[in-house]
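Visitor: Residues per chain, in single letters:
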Amino acid sequence: MNPEVDSKLSKLKQVVEDILKEASQQGATSAEAGVSATSGTSTTVRLGEVETIEHNNDNGMGISVYFGNRKGSASTTDLSPQAIKDTVKAACNIARFTTEDPYNGLANADEMLQSQPDLDLYHPWSISIDEAIELAQQCEDAALTEDKRITNSEGASVNTASGFHVYGNSHGFIGAYPSSRHSLSCSVIAQEGDDMQRDYWYDTSRVAGEMDSAKAIGQKTAQRTLARLNARRIKTRTSPVIFKNELAPGLMRSFIGAIRGSALYRKSSFMLDKLGEQVFPEFVTISENPLLPRGLGSAAYDGDGVATQARNIVENGVLQNYVLDAYSSRKLNMANTGNSGGVRNLAINLSDSSFEDLLKSMDTGLVVTELMGQGLNPVTGDYSRGAAGFWVEHGEIQFPVEEITIAGNLLEMFKSLSVVGNDNHAPGSVNTGSWLLDHMTIAGDN
Amino acid sequence: MNLAADPIQPVIQLASQAILTPSELEEKHLDQVMGKLLSRQVDYADIYFQSSRLESWVLEDGIIKEGNFNIDQGAGLRAVSGEKTGFAYMDEIQLPSLLEAADTACAIARLGQNHIHKLPTNQFTEALYQPLDPLSSMDENSKIDLLKSLDAEARKQDPRVSQVIVSLAAVQDTVLIYSSNGDLNGDVRPLVRVNVNVVVEENGKREQGSSGGGARVALNYFTRDDTALEYAREAVRQALVNLEAVGAPAGTMPVVLGPGWPGVLLHEAVGHGLEGDFNRKGTSAFSNRMGEKVASPLCTVVDDGTLPDRRGSLNIDDEGIPTENTVLIENGVLKGYMQDTLNARLMKTRSTGNGRRESYAHLPMPRMTNTYMLPGESDPEEIIASVEKGLYAVNFGGGQVDITSGKFVFSASEAYLIENGKITHPVKGATLVGDGPEVMSQVSMVGNDLKLDKGVGVCGKEGQSVPVGVGQPTLKIDQLTVGGTEA
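Protein chains in written order, with my numbering: chain X, -18 to 427; chain W, 28 to 514.
Keep in mind the hints are simulated off the structure, nothing from the lab. Just to be clear, a hint being listed does not mean it is correct.
As the list claims (entries may be wrong) - Within a straight-line C-alpha distance of at most 20 Å, the following computed SDA-like cross-link-like pairs (lysine to any residue) qualify:
1) K92(W) to K(-11)(X)
2) K248(X) to K478(W)
3) K248(X) to K375(W)
4) K248(X) to N230(W)
5) K63(W) to A154(W)
6) K92(W) to E81(X)
7) K375(W) to T310(W)
8) K478(W) to E408(W)
9) K216(X) to K416(W)
10) K63(W) to T33(X)
11) K70(X) to G231(W)
12) K201(X) to Q172(X)
13) K(-11)(X) to Y103(X)
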C-alpha cells in the first residue's frame, strides 16, 4: 500500500488508541471507537455552465464506553486531543445514567477479524476541477441534445470521495482501511404541450474507470425522461406488476429490514418467527458477500469488529438466518452473523429471462419504474406506495402511467415473485434484475 | 434572561462567545477572510459558523438503554458569482484554514473586482424563542424519570401493549453568519423532541402506533400540562385503532383530512413547488404561474417562520435574514414564492428569509419553515356529514412530491371509512396520490379548526434535512386517489 495511505491510517489508528486509553483511564471497563476522515469534491454543471463546486472534508469519531453492562456513547467531528478527552468524558457521563443491560458490551473476542484482507476498495480519482466540469458538461450535453423535447435541466454532477476508516475496541482489535467512491449523475426535463416530466440517471463505483461513460449516462437520462411524457392514469384493478431492476433492491432492503435483530427482538417485524419457513418461492436464493473485491458494500469486519463472511440468507425460498450484531444476537440467544451496520453486497439468483421475456410472461400488467412515499408498515408488512411506470399489453409497453398507487402485503408479495430477470445492470450494491410479481392492487381512476 | 429591550445584541454576543472566543478569532479576522472571499468577481459571499450540541436518550424494554452526546462544529464558506457557487467547509475553526477555504471557494469566480452591492438588511426585532441550552435545562435524573413515566403511562393504557420505546432529544444549535452585506448575525436555537412508539399485540396480531412532539423550548415543556404523557396515550390509542383496521379501499373518492399534521398535504402538494430555486430554473409545476388560480378560492396558504417557539421557526434564516410570514396562495391565487438570497437576486426580488441549510457542511437553499392553511368557515362535523362514501384520514407518516410533474403522495397511518356522513370503521394506512394544483382545486370545504402539528416534522430536500412545521384545518377534497388493497 502506498506510504501516504499508511501514514493517514496510522494517524487515525493513533486517535483510536488514544480514545481507548482515555476511556480506560476514565474508568470504563471496555470501550470501542470508530474514526473516519473523508474528502472529495462535487461539481455540478447546469445548462452548460458551472453551478456549484463543493469541496468536502468530513472527519468524525464515535465512542461507546461500557461500565460493566451500562453503556454510554458520544461523537464529534473534532479529532483533537482535547476533543478526545471531552468526548470520552461525555460518553462516561451518559453511562452513569443508563441501565444495566446484560446483553450490552463488545462482541465476543474470538469473533474479531483475525487478519485483514485487501478488498481493493481504494481507487482515488485524480480528476481536476476543470476536468470534472468538462465531464459533467459532456454528460448533460448528451442528454440535452438527445431530443428537442428535452427543454430544461437540473444539471449533471461529478462526485468523488476518498476516505480512511479505523475501528478499534478494548479486545485489542484494530481494523483500518481506505476506500473511495465516485459517481456521475444527470437530471433533465422533457416537455411536450402542457406536460412536463423530469427523470435522472447515474452510475457509481469504487473505480472511476468502471463507471458508464458520461455520454451513455446523459443519453439514458434523456431516454428515461422522454419515455415518461404523456403519462396517463389507469383504472383501479388488480394485475401483475414488474418492479424494474433499479427498484427491486428496495424490496430486498425491506426484506432485510424485517429480519434485522432489532426489529425481531422488538417484535415489530412482519418476519417474526419465520426462521426456517418458506418466505419466497422455492427458486429463490438470497445471499450477501461482504468480501467482494471493489464491492460498494464491502467490508471485512462489521461495526463491532466481527469478521464478516459470505452466506446465504434465503435458500430454496426458506429463511436460513437473521441479520444480527453483538447486541441483538445475545438478546435473541442466537449466533452473531456479523451484521452490525447492515448487510453487505446483497444478491438474489437470476433466471435466464431478459426484461423483454418478463414483459411477455406478464402479458398484461404494470411495469413500475418509480415509487414515491414511505408507505410500508414494518410490523404488518402492509405496503402502499405512489407509483409511475408503463402499462403493458400483449407483452409490450403501451404507454407511460403516473399518479397511481400499488398496494399489497410484503409477505404475500414475496411469495408471489414469479421471475427475477437477468437484467442485473442497475448501479448500486444490490445485485438483482427486475422482479415479476403475480398480483398487486392498483388504485387509479374509477 | 430578559431579552425584551434589545434581543439581538445579546444573542449575537452569545453566539460569538460560543464560536469565535474559543478559537481566538475576532471580527478583524473575519474581515480578513471576507476580504479573501471577495478578491474576485463575486456577487455575494458568506461565512457560516456553527456549533451544535445534541444529547439523546432511548428507553426500551423499561430500561434506559442508550444515551448519546454529539458535538459538531465547523465553518462553511461560500462565494457566489452569477449563478455559480463555490463552497468549502471545515470542522476546525482556525484562521489559516478559514483563509485557505476562502481561496478555494472564490476560485469559482473570475479574476477581477467584486460586485458587492451592500443591501441594508433588517435585524430581527423580537426573539421568537429564548437562547437557552435545552441540554442542561433539566437534570439527568429528571430526564430519566420523564422517559420512565412515559413508558409506565403507555403500559397502563391497555394490557395489549407489548413494546414501548421512548426517545428524548435536545439540541442547541448556535450559528454566526458573516455575509458580504457587512452584517454579523447570530442565533442560538434550542430544539427538543420526545417520541413514543408502541407495539400492541392481540391473538398473535401486532400493530404499531407512535406519537411525539417538540419545540424550541426547555425540556420542562414536556412535563407541563401532561404534554408528553399525552403522547404516550395517543401512541397506544393509534395502535389499538390499527389493530381493528381492515383493508382500505382502492380508487378515487372524497377524502376528508383531519386538522394539524395532515397539513403534510400542503407541504407536498404546494410547498415544495413554490420554493424559489425550482421556479427560477423553471422546473416546478408552479413555474410562471404567479397571479394565476392554482387552488380553490377557499385556500389561503402561508409559510410562517415567525411563530414563537415552533419547531419550524427561526429568528433569522441561515443567511442571517429575519424570517417572515409569507403568503403563498391567497384565496386560491398564487401570490408568492419562498426565496433565499441567491434565487431572489437572480429573480430580481428579495429574500423572504427562507434560506436554510442542514449544517455548515451544506449549501443553503430555499426551504419551508411552518407551512399551513388559514381556517375557513365550516364546522368539521358538517364536513364529515357531507360525504356519502369516502375516507377520513387523521394521521400520516410522510409524503413525497415530484416537483416537475406536480404528482405527490402522502401515507396515512390512521384512517376511517365515511359512510352516509358518519365515520364507521378504521381502515389500514393507505397512500394517497394526487396532482398538486389539481388536488388543491378540489378543496370544497375548509374547517374553522386550524391546528398546527405537535412539532415533529423533518423535511428532506437534495439530501439535506431541516426541522419544519405544518398545519391545517379539517379539509374536504372532492376527489383523491386512495391506494388501498380492496379494489
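Visitor: Hey, K92(W) versus E81(X), does the alpha-carbon distance stay inside 20 Å?
Guide: Since the Cα atoms of K92(W) and E81(X) sit roughly 8 Å apart, the hinted pair holds (cutoff 20 Å).
Visitor: Keeping to a limit of 20 Å between CA atoms, is the pair of K216(X) and K416(W) held or broken?
Guide: holds, 19 Å
Visitor: Tell me if the straight-line CA distance from K201(X) to Q172(X) falls inside 20 Å.
Guide: With Cα atoms ~17 Å apart, K201(X) and Q172(X) stay inside 20 Å; holds.
Visitor: Is the hinted pair K248(X) and K375(W) satisfied, with a Cα-Cα distance of at most 20 Å?
Guide: Violated, because 56 Å separates the two Cα atoms, which is more than 20 Å.
Visitor: Holds or violated: are the alpha carbons of K375(W) and T310(W) at most 20 Å from each other?
Guide: Since the Cα atoms of K375(W) and T310(W) sit roughly 18 Å apart, the hinted pair holds (cutoff 20 Å).
Visitor: Do the alpha carbons of K248(X) and N230(W) lie within 20 Å of each other, as the hint requires?
Guide: holds, 14 Å
Visitor: Hint check: K63(W) vs T33(X), CA-CA at most 20 Å. Holds or violated?
Guide: With a Cα-Cα distance of about 19 Å, the restraint between K63(W) and T33(X) holds, given a limit of 20 Å.
Visitor: For the pair we were handed, K478(W) and E408(W), check the Cα-Cα distance against 20 Å.
Guide: holds, 16 Å
Visitor: Taking 20 Å as the top limit, are the C-alpha atoms of K92(W) and K(-11)(X) close enough?
Guide: violated, 35 Å
Visitor: Is the straight-line distance between the alpha-carbon of K63(W) and that of A154(W) 20 Å or less?
Guide: violated, 33 Å
Visitor: Is it true that the CA of K70(X) sits at most 20 Å from the CA of G231(W)?
Guide: Violated, because 45 Å separates the two Cα atoms, which is more than 20 Å.
Visitor: Taking only the CA atoms, is the gap from K(-11)(X) to Y103(X) under or equal to 20 Å?
Guide: holds, 13 Å
Checked against the numbered hints above, the structure violates hints 1, 2, 3, 5 and 11; every other hint is satisfied.
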